[in-house]
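Visitor: Just so you know, we're using my numbering here: the sequence shown kicks off at 9 and counts up by one.
Check each hint, because a few of them may be wrong.
[What the hints assert, rightly or not] Distance condition first, Cα-Cα at most 20 Å in a straight line; then the derived SDA-like pairs of lysine to any residue:
(1) Lys103 to Arg72
(2) Lys62 to Glu73
(3) Lys91 to Pro102
(4) Lys62 to Thr11
(5) Lys122 to Lys103
(6) Lys62 to Ala87
(7) Lys122 to Lys91
(8) Lys44 to Arg25
(9) Lys17 to Lys66
(10) Lys69 to Glu119
(11) Lys70 to Glu59
(12) Lys122 to Gly133
(13) Lys17 to Glu59
(14) Lys62 to Phe78
(15) Lys66 to Glu26
[Claimed, not checked] Derived CB-CB ranges, DEER-like:
(16) Glu76 to Ala161: 44 to 54 Å
(17) Ala92 to Ala144: 36 to 46 Å
(18) Met136 to Arg53: 41 to 51 Å
(19) Ala77 to Glu119: 31 to 41 Å
(20) Thr11 to Ser33: 40 to 50 Å
(21) Thr21 to Glu127: 54 to 64 Å
(22) Ala153 to Glu76: 12 to 22 Å
(23) Thr50 to Arg83: 18 to 28 Å
(24) Arg130 to Arg25: 52 to 62 Å
Just so you know, the hints here were simulated from the structure itself, not pulled from any lab data.
Nothing here was measured: the structure is a model prediction, and the numbers come from that model.
We treat Cβ as the ideally placed atom computed from N, Cα and C, and that holds for glycine.
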Amino acid sequence: MTTLKAQLKEDLTAAIRERDELRSSTLRLTLAAITKEEVAGTSARELSDDEVLKVITKEAKKRREAAEAFAGGGRAEQAEREKAEGEILAVYLPKQLSDAELDAIVAQAVEEAKAAGAEGPRAMGQVMKIVNPKVAGQAEGGRVAAAVKKLLAG
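Whole structure, please, built from the sequences with the hints as guidance.
Guide: Below, the structure written as structure tokens:
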């Protein structure tokens with residue numbers, strides 16, 4: 009079993025013992041998503057820590073989007089719960105890059121792409137290919153794309 013998955017299971021056991029309903033339900037749902045991913049496809053397999061991290065990232069994103077949807081729909085109590093679940097999952101994710109750090113990485117990638125002959129908005133794909141491996145797991149794709157567009161347009 010991967011170390012991250014084992015950590016999730018240990019934390020779930022602790023949350024159940026502490027009768028922390030919010031943490032235990034969030035961790036149960038996340039472990040269920042990991043198990044679903046493990047049995048998807050033609051044969052069952054054990055996920056690596058990186059793959060488990062991707063599942064947790066996806067789950068955290070779902071919580072964030074649901075919180076926004078509930079808040080927009082006037083269901084503040086449900087939005088708060090989704091936000092709290094997202095914060096629980098954030099503990100297991102790598103620290104997110106600040107806007108300044110992300111802009112610096114994107115600026116460097118734009119320079120590399122220009123050196124390779126890419127210019128203007130059409131260089132978006134080339135810049136994203138350079139940036140994505142550098143920020144994997146530390147910045148959401150939409151945030152990265154927005155930063156790249158801003159620099160290429162400017």
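Visitor: Take a look at whether the Cβ-Cβ distance between Thr11 and Ser33 falls inside 40 to 50 Å.
Guide: This hint is violated: roughly 23 Å between Cβ atoms.
Visitor: Does the alpha-carbon distance linking Lys62 and Ala87 stay inside the 20 Å limit?
Guide: violated (23 Å)
Visitor: Given the hint that Lys122 pairs with Lys103, test it: the Cα-Cα distance must not exceed 20 Å.
Guide: violated (29 Å)
Visitor: How does the Cβ-Cβ distance of Ala92 and Ala144 compare with 36 to 46 Å: does it lie in that range?
Guide: violated (26 Å)
Visitor: Do the alpha carbons of Lys122 and Gly133 lie within 20 Å of each other, as the hint requires?
Guide: holds (12 Å)
Visitor: Is it true that the C-beta distance of Thr21 to Glu127 lies inside 54 to 64 Å, as the hint says?
Guide: holds (55 Å)
Visitor: How does the Cβ-Cβ distance of Ala77 and Glu119 compare with 31 to 41 Å: does it lie in that range?
Guide: holds (38 Å)
Visitor: Within 20 Å, alpha carbon to alpha carbon, are Lys62 and Glu73?
Guide: The given pair, whose Cα atoms are some 16 Å apart, holds under the 20 Å limit.
Visitor: Check whether the Cα positions of Lys70 and Glu59 lie no farther apart than 20 Å.
Guide: Given that 20 Å is the threshold and the Cα spacing comes to 17 Å, the pair holds.
Visitor: Holds or violated: are the alpha carbons of Lys17 and Glu59 at most 20 Å from each other?
Guide: holds (16 Å)
Visitor: Checking one constraint from the list: CA of Lys62 to CA of Phe78, max 20 Å. Satisfied?
Guide: Distance ~24 Å between Lys62 and Phe78 Cα, so the pair is violated.
Visitor: Looking only at beta-carbon atoms, does the pair Met136, Arg53 fall within the given range of 41 to 51 Å?
Guide: violated (29 Å)
Checked against the numbered hints above, the structure breaks hints 5, 6, 7, 8, 10, 14, 15, 16, 17, 18, 20 and 23 and satisfies the rest.
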